[in-house]
Amino acid sequence: MDDEEETYRLWKIRKTIMQLCHDRGYLVTQDELDQTLEEFKAQFGDKPSEGRPRRTDLTVLVAHNDDPTDQMFVFFPEEPKVGIKTIKVYCQRMQEESITRALVVVQQGMTPSAKQSLVDMAPKYVLEQFLQQELLINITEHEQTPREPAAQDPGGRPRGALLRDKAGPGGEDHPAQ
Numbered sequence: 001m002d003d004e005e006e007t008y009r010l011w012k013i014r015k016t017i018m019q020l021c022h023d024r025g026y027l028v029t030q031d032e033l034d035q036t037l038e039e040f041k042a043q044f045g046d047k048p049s050e051g052r053p054r055r056t057d058l059t060v061l062v063a064h065n066d067d068p069t070d071q072m073f074v075f076f077p078e079e080p081k082v083g084i085k086t087i088k089v090y091c092q093r094m095q096e097e098s099i100t101r102a103l104v105v106v107q108q109g110m111t112p113s114a115k116q117s118l119v120d121m122a123p124k125y126v127l128e129q130f131l132q133q134e135l136l137i138n139i140t141e142h143e144q145t146p147r148e149p150a151a152q153d154p155g156g157r158p159r160g161a162l163l164r165d166k167a168g169p170g171g172e173d174h175p176a177q
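Each residue of the sequence shown is one higher than the one before, counting from 1 in full-length UniProt numbering.
Quick caveat, the hints were computed from the structure, so don't treat them as lab data. Note that this is a predicted model, so its numbers are computed, not measured. All the given hints hold, so there is nothing to weed out.
With a straight-line cut-off of 25 Å between C-alpha atoms, the simulated DSS-like cross-links for lysine-lysine are: (1) Lys47 / Lys15; (2) Lys85 / Lys115; (3) Lys81 / Lys47.
Here are the simulated distance ranges between beta carbons: (4) Glu134 / Gly25: 18 to 24 Å; (5) Ile139 / Gln116: 25 to 31 Å; (6) Glu38 / Asn138: 15 to 21 Å; (7) Ile84 / Glu5: 27 to 33 Å; (8) Gly109 / Ser49: 18 to 24 Å; (9) Lys115 / Thr29: 28 to 34 Å.
Every residue, glycine too, gets a C-beta built ideally from N, C-alpha and C.
With the sequences and hints as input, model every part of the structure.
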């Protein structure tokens, strides 16, 4: 993957993760939410192949709006498949800074032992893993994501809902029950 494409991907991933933090009630500035690709390049660089940015440069610490002591790290590990050593490093940093929650944005997943360590550390430390591929699009911004309950007919059923009953006479459509 070339630098331009990788920079674009890192920008999209970080933008989505900042929106996710904001949606969960963590303090994220409007500038961080609205950061353009050009602003991202100015802040972090546009040559990932030369370590500008390194994925670890994207690490962020956010505080909750309602309780500033409730903080959360977002880690971007360098290695494609995260192992237990990296998880231990993250937990040590969390312990040093008295932080119990983190998101880990992984490129290809975690090793079985790393996944097990997440289970073993709960509930003291909560680390959630996200595949970077899942963060390239913020699903809450998709135009087909429902923002309100679906319209219903007077009988309380969703409008236009039909049940296809192949065993029924002639394979006709029957209103859903």
